[in-house]
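K.L.:
Residues per chain, in single letters:
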Amino acid sequence: MIDLIYLAVFLPLLGFLINGIFGSKIKNVERSKIPFLGEKIIGLIGSGAIGIAFLIVIGAFFETLSLPADQRTNYVNLFTWMKVGALDVSFAYQVDQLSLIMALVVTGVGFIIHVYSIGYMHGDRSFWRFFAYLNLFIFAMMNLILADNFVLMFLGWEGVGLCSYLLIGFWYDKDFEKSTTSAAGLKAFVVNRIGDVGFLLGMFLIYLFFDSLKFSEVFSRAVSFDVPEHIFTLITLFLFIGAIGKSAQIPLYVWLPDAMAGPTPVSALIHAATMVTAGVYMVARTSVLYAMAPTTMMIVAVIGVFTAFFAATIGLVQNDIKKVLAYSTISQLGYMFLAMGAGAFSAGIFHLMTHAFFKALLFLGAGSIIHAMHEQQDIQHYGGLKKYLPITYGTFLVAAMAISGIPPLSGFFSKDEILWFSYTNLGFVFWLIGVLTAMMTAFYMFRLYFLTFDGKPRFDEKQTHPHESPKMMTVPLIVLAVLSAIGGFIGIPEIFSGAHGNAFHSWLSPIFKSANLKLSYFGAHSHFEEYLLMAISVAGALGGILGAAYIYLKRPSIAVNTVEKFKSIYTTLWNKYYVDEVYDATVINPIVNSSRSFLWKLFDNKIIDGLVNGMARSVGDVSALIRKLQTGIVQSYALVMMIGILLAMFWLILSF
Amino acid sequence: MNLEFILFIIFAAISVSSGLLMITRVNLVIAALLLVVNFASLAGLYLILNAQFIAIAQVIIYAGAIMVFFLFVIMLINPEHEKKFMDYKPQLKIFGVIISILVFIQLTYIILLSKPSEGVSREVEASVKAGTIEQIGRELFTNYVLPFEAVAYLLLAAAIGALVLAKKKFN
Amino acid sequence: MQIQIEYYLILSAALFIIGVTGVLIRRNAIVVFMCIELMLNSANLTLITFSSYLGNSIGQLFVFFVMAVAAAEAAVGLAIIIALFRNKRTVNIDEINIFKW
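Residue numbers (our numbering), protein chains in the order written: chain A, 1 to 656; chain B, 657 to 827; chain C, 828 to 928.
Bound conformation, chain A alone (with noise of 0.2 angstroms):
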């Protein structure tokens, strides 16, 4: 099945030709006895591409496992894509264990999310497009994931962003805050293109000083060629401006905010389970050099953990459904770049993970309660919904619970490991800002949830009419929740499971056995600590949530009155810092300022256009002047060729 990783990456390319060529054709395809028939054969196409991918991700996964663990790197070789001088880039698959792992959640978490499509974009009229656009993304996803070197996972990087842009705008005509909803796809795809820049930065720089583009032969190259330790800094500041950029962090985050303006299966596949971690991906696979500039470490780390702290704040008084869980998920990409900077690798993708299971499930869950309530994300507006909605409930609480670190939920594992290694291998304060982070995400979670689920309705019940959505999309629901739930199993803590060890750990670990063996952590510490420390963050997450239940379920009064009490804060909070007044002040203006009356009116209109013109109107003057040549006198032209025949012959004298 390895050999046939490729089939799992051009399938969905495959879903994306057909849907994309002939969508608009089937879609009018009718049956009296089966309603839609055009739409089920849509969605049959889009989902079953992706289903098929993750059917031969999984047999490629089991054919790893049966492998020898000094033997589960293998390469499918495609074509040579391009081959100039010593620059040989091949189209390859990679399929290893952090590969499969990612392509695993992908593929699995996609064809869910699929399958849920189907339910909730019913009845649209471009169904054909979102299904095809999500093929597509699937696809470039795939080649992000299994590329052998780094070319090809930027043409995935680029894809993924691409897909991203054209499903963010995809209802294209819809009002999305104060503009657009593809505005909101412009402003996603400009902040990436800033990150992007500083990838392919990175790439040049890489290829100078270790010639190749090849994952193996950089990360071999990189431990044994001599480069200096400023170089690594370079290169891995150069790569981690690209993550930032497509994983969401600080100061390159904002665009994911406004990413909400597109479908929420979009939001749930793209922008909180697969394209948003590929900047932690990215990290983790380059986690050799990572493990050769320490300071670059350091840099990722505090990122990492400010972006958490920072977005979990703000989360905490959204009123947005969607926007709340777009805070949340920035969080959480904190913290696994918190875990990229603690060179606790495997704990990042572990918690990549089980992230994608939960956030997925609570996107999908208010995809849900949206299509419930007629379009509307405004919690404030919602209330009760618990009687309605029962398996809608039922999941989202178990979401709730996972993302909040309650045992034994996947979350609690994934997270606690992070703030763990925070703790050993960073020190005190990251792991008490991570607590804190860990705390306030409980609230704001739970806030939400009692917010939408409990309490009395705060809308009319008798013009709004709630109601559970089909099985198309609860199916989907339960299986993520039950994913959400057990999830966290694969990678119970070594303290837990004794001689067992972290099943998790040990199947990524010859990925990161180099990158490890760099970084010179792991002081002793008693399991007293890690115990200590665990029971910590657990009391911190259920106090959150009996503190949300208590100011939101009791006494709403409490919430009134502290809004009242730091109306300061609270603006600051509501308007999200205002760090995008900011950038509009600072960056955006002046650039659209100066475009518009010097590069516009002044350079282009000016120069280049006269430039142009002038060209144009002195080639005409020129020729209104020589075409009087053309006397149609035969005789003439005779004449003509004459005095080139005398030149010609003169030029052959002189050359005698």
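Any given hint could be a false lead.
Claimed, not checked - For each label pair, taking beta carbons as the anchor points, the in silico distance ranges come out as:
hint, chain 1, residue 1, chain 2, residue 2, range
1, C, F892, B, E781, 24 to 32 angstroms
2, C, K915, B, S777, 52 to 60 angstroms
3, C, F892, B, K824, 31 to 39 angstroms
4, C, F892, A, L625, 43 to 51 angstroms
5, A, L625, B, I816, 41 to 49 angstroms
6, B, K824, C, A870, 34 to 42 angstroms
7, B, K785, C, K915, 45 to 53 angstroms
8, A, I608, B, I816, 57 to 65 angstroms
9, A, W600, C, K915, 52 to 60 angstroms
10, A, D621, B, N734, 45 to 53 angstroms
Rather than coming from a laboratory, the hints here were simulated on the basis of the structure. Owing to the predicted nature of the structure, the values given are computational and were not obtained by experimental measurement. Even glycine gets a Cβ: it sits at the ideal position worked out from N, Cα and C.
Starting from the structure of chain A, add chains B and C where the hints point.
P.N.:
This is chains B and C only, laid out in the frame that chain A set:
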């Protein structure tokens, strides 16, 4: 001074003078007849060069057929004689003559400079043999039979083309 | 005494230039056409000369083909002149100048 050289001088003088007269005559019929004289003198030159077959062909095809054709067309359309052809744009024409003379000087210069006579010397027997009808016919119907057939088709096409062009109306 | 090959070549050049001059100065299309025939013949003279001096009959074969082509060309060219005369009532090439800007 052998006979060959004398004949060459005579024929060369006839051909050049008849050519010069031809391009200066106003009367078209006279010009055409002068061209016939020119072609006949060229046939004489060919004979001196031992090219018997071509000399005969020159007389039959050029001096005979083609020039008769010319005369026929001249008499058919009977255009008025161009009076004083130097009237129209005389500067252009004088300039043309000057250019022509310059090109002639250049040509002569190149011919004299490259001294072709150092490379080739005429062997009479080989020359005579090359010009016989037997030799030409052998070549024509063995090695060059394909161009020969092609020329036949060219002539057929030209005949049809001339018919179509000269017809009164295109249907 | 043998005639040197230069004599023939210069004679051929002279005939060619006479033809060129005729093309450049004459107005009448028929005369221009005859001048073109003259130029063709001057080229033929060169070919025959070399054929004779090299003892090789290929040059004369070539002249044979040139004659055939010249005959074809004369037929078509004269037909064109007739057609032209029928339409424009003239064969003066400076009056036929519709191919200008």
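K.L.:
Work down the list of hints and note, for each, if the structure agrees.
P.N.:
Results of checking the hints against the structure:
{"no.": "1", "hint": "F892(C) x E781(B): 24 to 32 angstroms", "in the structure": "holds, 26 angstroms"}
{"no.": "2", "hint": "K915(C) x S777(B): 52 to 60 angstroms", "in the structure": "holds, 54 angstroms"}
{"no.": "3", "hint": "F892(C) x K824(B): 31 to 39 angstroms", "in the structure": "holds, 33 angstroms"}
{"no.": "4", "hint": "F892(C) x L625(A): 43 to 51 angstroms", "in the structure": "holds, 45 angstroms"}
{"no.": "5", "hint": "L625(A) x I816(B): 41 to 49 angstroms", "in the structure": "holds, 45 angstroms"}
{"no.": "6", "hint": "K824(B) x A870(C): 34 to 42 angstroms", "in the structure": "holds, 36 angstroms"}
{"no.": "7", "hint": "K785(B) x K915(C): 45 to 53 angstroms", "in the structure": "holds, 52 angstroms"}
{"no.": "8", "hint": "I608(A) x I816(B): 57 to 65 angstroms", "in the structure": "holds, 58 angstroms"}
{"no.": "9", "hint": "W600(A) x K915(C): 52 to 60 angstroms", "in the structure": "holds, 58 angstroms"}
{"no.": "10", "hint": "D621(A) x N734(B): 45 to 53 angstroms", "in the structure": "holds, 48 angstroms"}
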